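There are 2 protein chains.
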Amino acid sequence: MTAVTIALPKGALLKETVLRLQQLGIDFGAFLESSNRLLRLSDRSGRYEGLLVRAQDVPVYVAYGQAQVGVVGFDVLQEKQLPVAQVADLGFGYCRMSVAVKGDSPYRQVQDLPAHCRVASKFVTCARLYFDELQLPVELISLYGSVELAPLTGMAEAIVDLVSSGRTLRENGLVEIATIYDSTARLIAHPLSYRLGRNGLHPLLQQIQSLSATGSGASRTS
Amino acid sequence: MTAVTIALPKGALLKETVLRLQQLGIDFGAFLESSNRLLRLSDRSGRYEGLLVRAQDVPVYVAYGQAQVGVVGFDVLQEKQLPVAQVADLGFGYCRMSVAVKGDSPYRQVQDLPAHCRVASKFVTCARLYFDELQLPVELISLYGSVELAPLTGMAEAIVDLVSSGRTLRENGLVEIATIYDSTARLIAHPLSYRLGRNGLHPLLQQIQSLSATGSGASRTS
Chain S
1 MTAVTIALPK GALLKETVLR LQQLGIDFGA FLESSNRLLR LSDRSGRYEG LLVRAQDVPV
61 YVAYGQAQVG VVGFDVLQEK QLPVAQVADL GFGYCRMSVA VKGDSPYRQV QDLPAHCRVA
121 SKFVTCARLY FDELQLPVEL ISLYGSVELA PLTGMAEAIV DLVSSGRTLR ENGLVEIATI
181 YDSTARLIAH PLSYRLGRNG LHPLLQQIQS LSATGSGASR TS
Chain E
1 MTAVTIALPK GALLKETVLR LQQLGIDFGA FLESSNRLLR LSDRSGRYEG LLVRAQDVPV
61 YVAYGQAQVG VVGFDVLQEK QLPVAQVADL GFGYCRMSVA VKGDSPYRQV QDLPAHCRVA
121 SKFVTCARLY FDELQLPVEL ISLYGSVELA PLTGMAEAIV DLVSSGRTLR ENGLVEIATI
181 YDSTARLIAH PLSYRLGRNG LHPLLQQIQS LSATGSGASR TS
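Keeping their order, the protein sequence lines are chains S and E. Throughout the first sequence, residue numbering follows full-length UniProt numbering, covering 1 to 222 in sequence. Throughout the second sequence, residue numbering follows full-length UniProt numbering, covering 1 to 222 in sequence.
I should point out that these hints are in silico values taken from the structure, not numbers from a laboratory. Check the hints yourself; a few may be wrong.
[As the list claims (entries may be wrong)] Computed footprint of chain E on chain S; a stretch qualifies when at least three of its residues, placed anywhere within it, have a C-beta under 8 Å from a C-beta of chain E:
#	segment
1	58-70
2	138-146
3	151-162
It should be emphasised that the depicted structure is a prediction, and the values quoted were computed from it without experimental measurement. Heads up, the beta-carbon is just placed ideally off N, CA and C, and yes, glycines get one too.
Only chain S is shown next, with the shape it has when bound in the complex (with noise of 0.2 Å):
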């Protein structure tokens, strides 16, 4: 038998993820050791192995079918939009996509935005399609981290991030002015090898959905 493949997000969703796995003796624990080096792993049964990925490439490696099954974010899925059967949302990791700007800025909600304002995102796809819904023209500007920073300088009137405790709005003086969606840990698999169906893979994505919160890691830190 072949062994399935899981790809696993570095970051926020790993420890409970890993922790999840582990009741179904499933054991990816090295890679939440400080010291761990490894990308990939063989859980001692040798019939799952781990693959350890930025949470944005778990969808790619998916996608391509190098993991049966991958465990994300749906702001990832969200910002990728590629070809992966979403199978359940595990109910871990919450957070929010949400519309910010500074304290004491003049717009209170998305509409009073003007027309042709700079938005500061790490999450343009997602950011695109929000402000193209509400028919509000804007310049977007695509940052890859400290998005909190753009209107402190005066770069962007507002941005569209991720908040999860909004420790790091408040630490900056922003103040959230709308939420475009709620996020979750999802459980994906390769759209093929889950109508196919081998190796046991309706069972194990079965359990991994009926498994309950072990009430670790379950927030994201900004």
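Could you slot chain E onto chain S? The hints should help.
For chain E alone, coordinates are given in the frame of chain S:
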């Protein structure tokens, strides 16, 4: 006099950038402290403000004029293609953009790669330009990290990635088959600010250019 804002890149080029500015009495040493959470900092004279951003975001802040000066790798400039003035090659942070394949790959040079093979990269703009120039049609797979995993899992025949010491390639059994370009840290400026030269911008740029190496932080890690 308005402060001149300098955008500094997080990551491999930060230490050498901070050390060189310190030689001019512009002290952003706080950015190097491991506990640092500040993204903006004024130097003691109040004449300079430092903006600590992701390397990929440095040309964005400079192109939009939120920073008049920036330090960033040539690789990022090539990838982002933004309107900034390239003032000088600072000579440190050497690395190269390479094409690499598995050690046991039958392809020993780029011209051997079959048409429509898959190439994974974090630098898809660069990769597209390169293969277009060679008139070799390839399917590019955009990844965010651990690009070396793509040929190991069989997702791609080749990768386009930054190589410094070559350690990551060696550890993963990959070999370089072509160099696309060599990269070093570059001094960039906002085009209009550069033309106008207000607030002592030209002397500052000349001083940064003329600094000698500090002998530290001059290579990248992978």
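Cross-check of the supplied hints:
1. Residues of the segment 58-70 of chain S with a Cβ under 8 Å from some Cβ of chain E number 4, which satisfies the need for three, so the listed coverage holds.
2. Using a Cβ-Cβ cut-off of 8 Å, 6 residues of the segment 138-146 of chain S lie near chain E, which meets the minimum of three, so the contact claim holds.
3. For the segment 151-162 of chain S, the stated coverage by chain E holds: 4 residues have a C-beta nearer than 8 Å to a C-beta of that chain, and at least 3 were required.
Hint compliance for this structure: every hint is met.
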